[in-house]
Amino acid sequence: MQRSISFEVFRYAVILAIVAISLVPTLWMISMAFKPIAEWSAAGADLTWWPRNPTLDNFRFIFGQSSTDLIVALERTAGRPIFASLLTATLGTVIAMTAGTSAAYGLSRFGQGGNLPLALIQLRLFPPMAVMIPVMIMWSFLGLIDNWFGLSLIYGIVTLPFAFWLMKTFFDDMPREIEDAALVEGCTRWRVFVRITLPMMRPALASSALFVFILNWSDYLIALLLTTRDWATIPVYMASLSSSMTGQLYGAKAALGVIAAVPPIIMGIAIQKHLVRGLTFGALKE
Amino acid sequence: MTNVSTMTPVADQPEAPAKSGARLGLWLTLPAQLLVLFIALFPILMQVYISLTDWSPLDGIPWWRAHELWIGLLNYSDLIADSRFWGAMWRTLFVMAVCVPVQFLLGLGLAVLFVDDFRGKRVLYSTLLVPMMVVPAVAGYMFFMLFQSGGPVNDLLSIFTSDPVRIAWLSDPDLALIAVMVADIWQWTPLMFLILLAGMISVPQDQQMAAILLGASWWRRFFTIVLPRMKSIIIIALAIRVIEIFKIFDTLFIMTGGGPGVATETISVYIYKVTQQELIWSYVAAIALAILIVLSVVSVFAIKRMQRGQET
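If you're matching them up, the sequences are chains R and Z in order. Letter 112 of the first sequence, counting from 1, is numbered 440 in the numbering used here, and no numbers are missing. Letter 96 of the second sequence, counting from 1, is numbered 1247 in the numbering used here, and no numbers are missing.
Hints listed in this document are in silico derivations from the structure and should not be mistaken for laboratory results. Bear in mind that the values here come from a model prediction, so they are computed numbers and not experimental data. C-beta atoms are modelled at their ideal positions from N, C-alpha and C, and glycine is treated no differently. Do not take every clue at face value.
With a cut-off of at most 27 Å between alpha-carbon atoms, the simulated DSS-like pairs for lysine-lysine come out as follows [stated by the list, open to error]: (1) Z:K1424 with Z:K1455; (2) Z:K1424 with Z:K1382; (3) Z:K1272 with Z:K1424; (4) Z:K1424 with R:K601; (5) R:K601 with Z:K1272; (6) Z:K1398 with Z:K1382.
Short, incomplete list of chain R residues facing chain Z, as computed with Cβ under 8 Å [claimed, not checked]: (7) P379; (8) N381; (9) P382; (10) L384; (11) A427; (12) G434; (13) M466; (14) L538; (15) I542; (16) W545; (17) G575; (18) Y578; (19) G585.
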């Protein structure tokens, strides 16, 4: 399409301005993460946009190395929360993907579970806050509070709608000729699913799993309610990086924020082709 | 969740499945069905029961004996008179009424700029998506830093004024709500952009070409061809944001904790506070149930309407 030069200039100006605005908060945090204590503790006029003396002190500090400039030592280091986040987000993804993929296949090929699409959309619709009282009671009854399995299980349920809908659209798109051919050869339907369909769907499974993982990794509210100490995830732990003596440990929080923010950004960009599909429950496949 | 079994399938029914397939299908859907049942049926029954009592975890009796504290519908009548609840409700709706249109218009504008090819499109597109992939709690922490009185937002504003600006954004009741909305707009405009752009690209080109040949202006083509064709995707994009803002918690809670006072207290923050700080769980159950019922009715109605809209 023919466009005038002035339009091109306008387009770049607007886009670059918005790109700048959308990057500034993230860049500010990254900059904070590499500032030595003297540069972030004085939360006053002399905050600079770039660290004058870049350092890894903040990262060392959250992993337990005490610092000479900062009198406080951490009661708990960031290692455990990072592990808790990784483990529960991964297991939650496994639960959601297992139940979601098999249910999506059951519906897409055999028409079973016709209530699931709407039930799962509704599950997605409700604020987690609105079912948390019974969940907290059930979880404490089952001994699942502040427990890796308890958190993984609720993550698996909460992200099940996304796993199901994503895989359903992928199965709906997949041509059935190959499966039919294998059936004619005498394979059982189960063998067709496990030996032919699933291996063919490997890229789709990987994208869906990454998508679900990002969602689990991003949770804050559920972990806030269901963990107290041992299995506190990164965002819950982050709040403990401030004390009455030192106030907000800006640099330490920024360092942990960088660690928390990087994996989903990389994964998200890796699967951007499927983001629309995942976010709109397959209503639009880019 | 409340009327799961009466739902009709949205999917196209595949051709009549063989019997063995039907049985395998049942087995395959079983885990998901159980998980949905586990999170829907039992909790909701429990919620109904507890909401009719005055039970709290501090009472020292297990929840199944809550009937000893039976108060009937008192929690619900309290709810109707609870000005803090309604304040939180209106605040949530206000945030929605501001953020959703702003995100929509920004996203639509960006989508228009991105719809045809130009140099650097792919990189700029990926960069624009970064905010929505930042963990919301971390985004909350970023904006907490940015809006400090000695922080960069004030630094930027100082460029335009003679005196350095030292606004305490997060401790001013009016400004705190603005700061929270800025954070939401920053994080979720990319989502609108992503969905609207995908919708815009999927609008077929032939009609537009015909319109160009007939000399229709860009604005005319946009409003008479492109936008009407995007109707359903626009509704989906708006619905996603409306739903998510109704639940808004993470970013906001980390930035302000609902404060100062109750100035940024939304529905989720209010429920959280009653749950964790005041520990009146029976009352929370009543609030949650009321919200679930309203949302169920609204969502069933909306989904039915959309399905009817798709068929015609």
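Evaluated hints:
no.: 1; hint: Z:K1424 with Z:K1455; result: violated, 35 Å
no.: 2; hint: Z:K1424 with Z:K1382; result: violated, 39 Å
no.: 3; hint: Z:K1272 with Z:K1424; result: violated, 45 Å
no.: 4; hint: Z:K1424 with R:K601; result: violated, 39 Å
no.: 5; hint: R:K601 with Z:K1272; result: holds, 15 Å
no.: 6; hint: Z:K1398 with Z:K1382; result: holds, 25 Å
no.: 7; hint: P379; result: violated, 14 Å
no.: 8; hint: N381; result: violated, 19 Å
no.: 9; hint: P382; result: violated, 18 Å
no.: 10; hint: L384; result: violated, 19 Å
no.: 11; hint: A427; result: holds, 4 Å
no.: 12; hint: G434; result: holds, 3 Å
no.: 13; hint: M466; result: holds, 7 Å
no.: 14; hint: L538; result: violated, 11 Å
no.: 15; hint: I542; result: holds, 7 Å
no.: 16; hint: W545; result: holds, 7 Å
no.: 17; hint: G575; result: violated, 11 Å
no.: 18; hint: Y578; result: holds, 6 Å
no.: 19; hint: G585; result: holds, 4 Å
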